[in-house]
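A.B. asks: Work out the full structure: start from the sequences and follow the hints.
Residue numbers (my numbering), protein chains in the order written: chain A, 1 to 245; chain B, 1 to 273.
Everything labelled a hint here was simulated from the structure, so no lab data went into it. In this text, all values refer to a predicted model and were calculated from it rather than measured experimentally. No incorrect hints appear here.
Distance condition first, Cα-Cα at most 35 Å in a straight line; then the derived DSBU-like pairs of lysine-lysine:
1. B:Lys245 x B:Lys92
2. A:Lys84 x A:Lys107
3. B:Lys49 x A:Lys221
4. A:Lys212 x B:Lys174
5. A:Lys80 x B:Lys174
6. A:Lys105 x B:Lys197
Label-pair distances were calculated between CB atoms; the ranges are:
7. A:Thr143 x B:Asp107: 39 to 47 Å
8. A:Lys223 x B:Lys174: 27 to 35 Å
9. B:Lys199 x A:Lys223: 30 to 38 Å
Just so you know, even glycine gets a beta-carbon here, dropped at the ideal spot from N, CA and C.
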Amino acid sequence: MLTFITKRLIIVFTLTIAAGFCAAQELPRDPHAATAKPPVTRHGHRAPVKSQKVKWLDSATINDEKLGHVKIDMKLFKAKAIEKTTELSNYITLLASKNTSRADKNKTVDQACKLFVNENATVEVSNATRSKVSKLDIRTYLTNLTYLSDHFEKVVVQYVDITYVPEFRKGVDGNYYSVVTFVQKFEGFVDGKLSYGDFTKKDITVVLKNYKKIDADGTTKNKWDVFLSDIGVKETVKMVNTFNK
Amino acid sequence: MFKYYISLLLLFKCLGAFSQSVNNDYESDFAWHVKQVDEFIERFNNNDKTLIKLYNKKHNPVISLTREKLLKSLFNASDKNWDINEITNFIKDVTNKKKQVYLDFFDKGWCAKLICLVNWKGKPERVVLTLKIKKYPDGSSKWVIAAVSANFLKQQWLTDSLAGHTLAAIPAAKNHSTSLHPFSHSASFSNITQVSKDKTNIENYLETPVSNTNRELLTFANEIINNRLQIKHAESLTYEFHQVKGWTFEVSQFERQSQNSGWLISKLTRTAI
Numbered sequence: 001m002l003t004f005i006t007k008r009l010i011i012v013f014t015l016t017i018a019a020g021f022c023a024a025q026e027l028p029r030d031p032h033a034a035t036a037k038p039p040v041t042r043h044g045h046r047a048p049v050k051s052q053k054v055k056w057l058d059s060a061t062i063n064d065e066k067l068g069h070v071k072i073d074m075k076l077f078k079a080k081a082i083e084k085t086t087e088l089s090n091y092i093t094l095l096a097s098k099n100t101s102r103a104d105k106n107k108t109v110d111q112a113c114k115l116f117v118n119e120n121a122t123v124e125v126s127n128a129t130r131s132k133v134s135k136l137d138i139r140t141y142l143t144n145l146t147y148l149s150d151h152f153e154k155v156v157v158q159y160v161d162i163t164y165v166p167e168f169r170k171g172v173d174g175n176y177y178s179v180v181t182f183v184q185k186f187e188g189f190v191d192g193k194l195s196y197g198d199f200t201k202k203d204i205t206v207v208l209k210n211y212k213k214i215d216a217d218g219t220t221k222n223k224w225d226v227f228l229s230d231i232g233v234k235e236t237v238k239m240v241n242t243f244n245k
Numbered sequence: 001m002f003k004y005y006i007s008l009l010l011l012f013k014c015l016g017a018f019s020q021s022v023n024n025d026y027e028s029d030f031a032w033h034v035k036q037v038d039e040f041i042e043r044f045n046n047n048d049k050t051l052i053k054l055y056n057k058k059h060n061p062v063i064s065l066t067r068e069k070l071l072k073s074l075f076n077a078s079d080k081n082w083d084i085n086e087i088t089n090f091i092k093d094v095t096n097k098k099k100q101v102y103l104d105f106f107d108k109g110w111c112a113k114l115i116c117l118v119n120w121k122g123k124p125e126r127v128v129l130t131l132k133i134k135k136y137p138d139g140s141s142k143w144v145i146a147a148v149s150a151n152f153l154k155q156q157w158l159t160d161s162l163a164g165h166t167l168a169a170i171p172a173a174k175n176h177s178t179s180l181h182p183f184s185h186s187a188s189f190s191n192i193t194q195v196s197k198d199k200t201n202i203e204n205y206l207e208t209p210v211s212n213t214n215r216e217l218l219t220f221a222n223e224i225i226n227n228r229l230q231i232k233h234a235e236s237l238t239y240e241f242h243q244v245k246g247w248t249f250e251v252s253q254f255e256r257q258s259q260n261s262g263w264l265i266s267k268l269t270r271t272a273i
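C.D. replies: Quick look at the structure:
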């Protein structure tokens with residue numbers, strides 16, 4: 001019997017490995033796994049991991065009514081959009097982790113909120129058919145995430161190594177807008193077993209905003225920076241859900 | 001005993017290899033997934049910088065993604081009722097060597113159809129908003145409501161007409177910077193509630209000037225101004241394109257674990273040229 005099973009397993013094993021080689025695709029990176037330490041950010045937390053480089057329109061010269069001719073490095077700001085999204089993902093990992101103290105979680109919520117254009121930004125969570133839709137302001141959404149670790153002894157958050165960022169478009173308020181779309185894989189473990197797992201697609205609106213900065217010599221300079229805004233979260237695939245049973 | 005351990009080892013290796021295969025499939029599916037209508041337009045136009053072409057170049061360089069292949073991939077393959085001849089003719093018209101057809105995000109020949117749940121006089125109702133992109137000479141743009149459709153609004157207009165009430169003109173906005181920004185569609189217009197919350201600037205959210213014949217839109221605006229209607233949230237979103245001469249097509253969202261997923265053509269209709 002054992003020989004019968006072993007022979008069948010050898011065949012399946014060989015075919016599976018062969019399929020893996022034939023697919024010739026890379027393993028998705030998991031730079032954001034909750035079990036791994038995130039790198040240091042500019043806010044004193046760990047810095048984001050850089051995502052894949054994509055070739056885009058390098059720069060755009062705009063004729064702004066207030067600022068005159070301004071050259072905006074679109075390549076830089078697209079990279080910044082992905083960087084800030086990654087930073088938010090790192091914060092989410094910290095918030096969901098059991099290893100982060102309540103005090104650190106509260107600080108992390110404050111730091112994460114600073115990534116957003118303002119705290120009126122919302123997170124709208126819907127299922128695949130949009131029959132269930134819930135909308136929360138960003139602070140409430142992030143605060144709710146801090147309680148995830150109460151339900152799971154371990155949380156692993158990973159990201160598919162593909163992000164979609166279309167060209168920025170100018171809004172009537174003078175800001176430039178785009179979106180970062182990516183997929184998050186979430187796994188929660190109870191008693192060492194996978195209790196809940198899903199893939200969710202996230203669409204994060206990003207805003208390229210002009211602000212004035214006073215330099216050390218007292219001169220005022222026009223600066224541009226990317227901020228996050230409304231988030232759409234769509235549940236795509238549930239891997240397992242014994243959590244709610 | 002040794003054979004037992006070997007069997008267990010092989011079993012775990014198989015599961016690990018299978019898991020790796022699942023992750024690779026998911027990544028490939030997501031690369032093909034049409035994530036936004038912007039990506040739909042990029043693929044339709046065979047844009048060399050579109051994500052799927054870059055992904056394909058990296059992972060499957062031997063496979064060439066022609067415009068015809070990309071166009072075919074933009075149809076919802078799970079619909080078994082397609083007329084293949086129609087699709088073939090459509091693709092032929094789009095890729096006609098004498099004059100290829102390209103979609104333009106800022107063209108007036110397309111719109112978003114948004115079904116919203118609203119609260120009207122304390123009761124839940126549904127409205128269908130037709131939204132279009134409006135572009136300004138300085139390059140800025142925003143989404144505006146061009147039309148509204150709802151039975152209760154038709155009834156309200158009739159009631160007002162019979163009672164001799166005339167709809168008030170849309171008041172001028174006090175702050176012209178508020179709007180539905182040009183990427184509002186990317187989060188399925190989750191910010192549509194702003195239209196009823198920002199009533200003093202409601203003009204910013206409508207395609208102006210609003211014609212007197214656009215009764216449902218005028219009634220919709222008046223109900224909001226008079227605090228009788230509040231938008232709760234958007235329920236569903238589709239797009240309609242009229243930019244290809246002789247054709248109209250509808251684009252809907254298909255969320256599924258497949259390379260044929262995301263924003264895809266759900267309906268294709270031949271129209272009079």
